[in-house]
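Following the hints, position chain S with the ligands against chain F.
Protein chains in written order, with my numbering: chain F, 103 to 215; chain S, 6 to 146.
Watch out, some of these pointers could steer you wrong.
What the hints assert, rightly or not - Selected chain F positions facing chain S (Cβ under 8 angstroms, derived; list incomplete):
id	residue
1	Asp122
2	Asp124
3	His126
4	Asp158
5	Gly163
6	Met166
7	Phe194
8	Ser195
Hints were generated in silico from the structure; no laboratory data involved. Since this is a predicted model, take the numbers as computed values, not measurements. Cβ coordinates follow ideal geometry from the N, Cα and C atoms, glycine included.
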Amino acid sequence: MQAAEYEIREGWLLIRLCADLDHHSAMAVRETADRMLERSGVKNVLFDFSGIDFMDSSGIGVIMGRYRQVSFWGGRVGVTGASENIARIMNFSGLNKILSHYETVEDAVKETV
Amino acid sequence: MDKYENEMWLTFQAKSCNEALARMAVAGFLTPLNPTLTELADAKTAVSEAVTNAIIHGYEEKEGLVELWCARTGKEVWFSVKDYGCGIEDIVTAMEPMYTTKPEEERSGMGFSFMEAFTDELLVESVPGEGTVVKMKKIIR
Ligand SMILES: Nc1ncnc2c1ncn2[C@@H]1O[C@H](COP(=O)(O)OP(=O)(O)O)[C@@H](O)[C@H]1O
Ligand SMILES: [Mg+2]
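Just chain F, with the same shape it has in the complex:
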């Protein structure tokens, strides 16, 4: 199974996760995301969690990594569609404080950064 689907839209790299975000899928997401960021030149990344219900500390690592990268260029990392389980992991790690939260993908895309 593919770890995620990717799309470039209005200055955002959209990452629609489709498998549990663990060490296994985090490696794939990191690689593809970095390649797409470099190629497209967009500076914002949106993680759409609506298709999954599991993330562990490897997920925290891959989100933090993208955050470090894009904030260097003044970009932001957004999240949408986090289930209760996933929101709990993000709160616990403190990640929720540095991310931009959106109700829907459309809300993020609308907001020109």
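This is chain S with the ligands only, laid out in the frame that chain F set:
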């Protein structure tokens, strides 16, 4: 008489695709106890962290076997995850929040914190050069 009401042993290769397998096995093992969704997520997260550590740190992504054991009596469930990898020199430091020996691989250093937060007891035993075993206890309420 058996010591436990139920027990499970699962041995698999230290490959990242088996992290999901370990979580599924744990979820299946817990099903007869009717855990809440949160309890289920707790157990899956804790075991996922321990298995991931065995693969990335214990075996450094090289060949090896990971042994997962689950047991239960009443509402009490025990999990252990064992590897025969490099072991941990200083367990106290390794368990500190945010501590990681692999920052270049985007490790967050939060694995042990999650295991601690999402279980009722956590015990780590390790011998450098021989391997590591992580034991956890979770009460399903
Ligand atoms: N099974 C293991 N074998 C060897 N070292 C380990 C093992 N588990 C954990 N460690 C060590 O403990 C550190 C902290 O682990 P953890 O809290 O899960 O953070 P992370 O996996 O993000 O590094 C690791 O960076 C590693 O040095
Ligand atoms: Mg870890």
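To see whether the hints hold, each was checked on the structure:
Annotation: interface hint on F/Asp122 holds; nearest CB of chain S at approximately 6 angstroms, less than 8 angstroms. Taken as an interface hint, F/Asp124 checks out: its beta carbon lies about 5 angstroms from the nearest beta carbon of chain S, inside 8 angstroms. Hint on F/His126 holds. Least Cβ distance to chain S is approximately 4 angstroms, under the 8 angstroms limit. A cut of 8 angstroms between beta carbons decides the hint on F/Asp158: the least distance to chain S is about 5 angstroms, and the hint holds.
Nearest Cβ of chain S to the Cβ of F/Gly163: about 4 angstroms, under the 8 angstroms cut. The hint holds. Here the hint on F/Met166 is kept, as its CB sits about 6 angstroms from the closest CB of chain S, short of 8 angstroms. Interface hint status for F/Phe194: upheld, as the beta-carbon distance to the closest one in chain S is roughly 7 angstroms, under 8 angstroms. Restraint check, F/Ser195 versus chain S: the minimum CB separation of about 6 angstroms is within 8 angstroms; hint holds.
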